[in-house]
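S.K.: Here the protein sequences come in this chain order: G and W.
Heads up: the first sequence begins at 1 in our numbering, then just goes up one per residue.
Heads up: the second sequence begins at 1 in our numbering, then just goes up one per residue.
Bear in mind the hints are in silico, worked out from the structure with no lab data behind them.
Just so it is clear, CB atoms sit at the ideal spot from N, CA and C, and this is done for glycine as well.
Check the hints yourself; a few may be wrong.
[Stated by the list, open to error] Listed next, the stretches of chain G that the computed footprint assigns to chain W, with coverage defined by at least 3 CB atoms under 8 angstroms from CB atoms of chain W:
(1) 14-23
(2) 42-56
(3) 70-76
[To be verified] The calculated lysine-lysine pairs, modelled on BS3-like cross-linking and capped at a C-alpha distance of 27 angstroms, are:
(4) W:68 <-> G:41
(5) W:68 <-> W:42
(6) W:109 <-> G:44
(7) G:22 <-> W:68
(8) G:40 <-> G:71
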Amino acid sequence: DTAVSQTPKYLVTQMGNDKSIKCEQNLGHDTMYWYKQDSKKFLKIMFSYNNKELIINETVPNRFSPKSPDKAHLNLHINSLELGDSAVYFCASAPGRNTEAFFGQGTRLTVV
Amino acid sequence: GESVGLHLPTLSVQEGDNSIINCAYSNSASDYFIWYKQESGKGPQFIIDIRSNMDKRQGQRVTVLLNKTVKHLSLQIAATQPGDSAVYFCAELTSGTYKYIFGTGTRLKVLA
Chain G
1 DTAVSQTPKY
11 LVTQMGNDKS
21 IKCEQNLGHD
31 TMYWYKQDSK
41 KFLKIMFSYN
51 NKELIINETV
61 PNRFSPKSPD
71 KAHLNLHINS
81 LELGDSAVYF
91 CASAPGRNTE
101 AFFGQGTRLT
111 VV
Chain W
1 GESVGLHLPT
11 LSVQEGDNSI
21 INCAYSNSAS
31 DYFIWYKQES
41 GKGPQFIIDI
51 RSNMDKRQGQ
61 RVTVLLNKTV
71 KHLSLQIAAT
81 QPGDSAVYFC
91 AELTSGTYKY
101 IFGTGTRLKV
111 LA
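If we strip away everything but chain W, and leave its shape as in the complex, we get (with noise of 0.2 angstroms):
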């Protein structure tokens, strides 16, 4: 149904600086994780997974991090660009399945 109540929490942040955003997800189970990033008009788009084997994973200004023990993954952006600005969402698969359950969101204001 609708998200009725939540609210998309807003994290800014100044030009060049790093960025964290934060994500707890549901099931115990998942064993995959992806980093979505979607800008205004646009489709989510892939920025960086890892998989419950794990519990850091580096990409091109990128880190996520990830804690079993308290269900929570995190994205980390460094030198943080305007085009970074956009709803950035972390999303959960359990194996064996094929649903991919996407938390609330936040959204990441760049300031000039």
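In isolation and in its complexed conformation, chain G is listed as follows (with noise of 0.2 angstroms):
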């Protein structure tokens, strides 16, 4: 079994358009993350929800509205996708703190 799966794996969608990227992890963690990682590698944290609640929200757009429905799942919905949103999108989960993230296996999102 998959610890932290999301789906889809690839998303290509044209600029304007809103999508969503789901979140789910068996692993009874109660800390969720999403990060960023763009065409150099580099990984940046966007949000990060403990027991369903917000505790990070780094300068993201606001066209970036994470959910949590329930402590195993965060969703990512992105509206008015633009070009510059292109990139692999990492949801990871934690069982609390000073403990290491189990990631998933990343979503490529491709704007044209």
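Using the hints, put the two standalone chains together into the complex.
M.R.: The structure is reproduced here in structure tokens:
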């Protein structure tokens, strides 16, 4: 069983569209994250939820909205997609502070 | 934002040699550190971690060294194998926070 799973793995869409990426973890972790990895492999944190509450909200355009319906799920909705949103988006989860985070396999988003 | 101007460093080593990957971390208050391995098309995978009350930790074929004085981490891989080819990231976490901050990454190429 995959511990942190994201869907879809690949997403190609046109500028201006709205899209969502889903993430589920079956590890029983309290904390979930979204990271963005650019073309130079730089990983930047976007959001984090702990027990369904937003605890980290980095400087991200408000076109990006995370939603956590329960502590096993953290979805990312993106409105009015732009070319610069093209990247790989990773979901991760962690059991608490000062422990390693577990990452999903990533969603490669390409905006054309 | 994007890692404009930053290039992914590459380390090339002969199969069977030892590899040393370095990382400078940013926050002197960080007290937990992780090394991740990211293979092509996959998410980052945990390799080894170290807490700030230690300066060395060993795993199977890997050793992490921490120098808090100069805010430096290194990952040593013994007898490097082709399967070690990947991008390696260090990540830091500050006590009391949930925010993993990643370094820029190093690409390791193992030459046959």
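S.K.: None of the hints should be skipped; say for each whether it holds.
M.R.: Taking the hints in turn, this is what the structure says about them:
no. : hint           : result
1   : 14-23          : violated (count 0)
2   : 42-56          : holds (count 8)
3   : 70-76          : violated (count 0)
4   : W:68 <-> G:41  : holds, 26 angstroms
5   : W:68 <-> W:42  : violated, 31 angstroms
6   : W:109 <-> G:44 : holds, 24 angstroms
7   : G:22 <-> W:68  : violated, 38 angstroms
8   : G:40 <-> G:71  : violated, 31 angstroms
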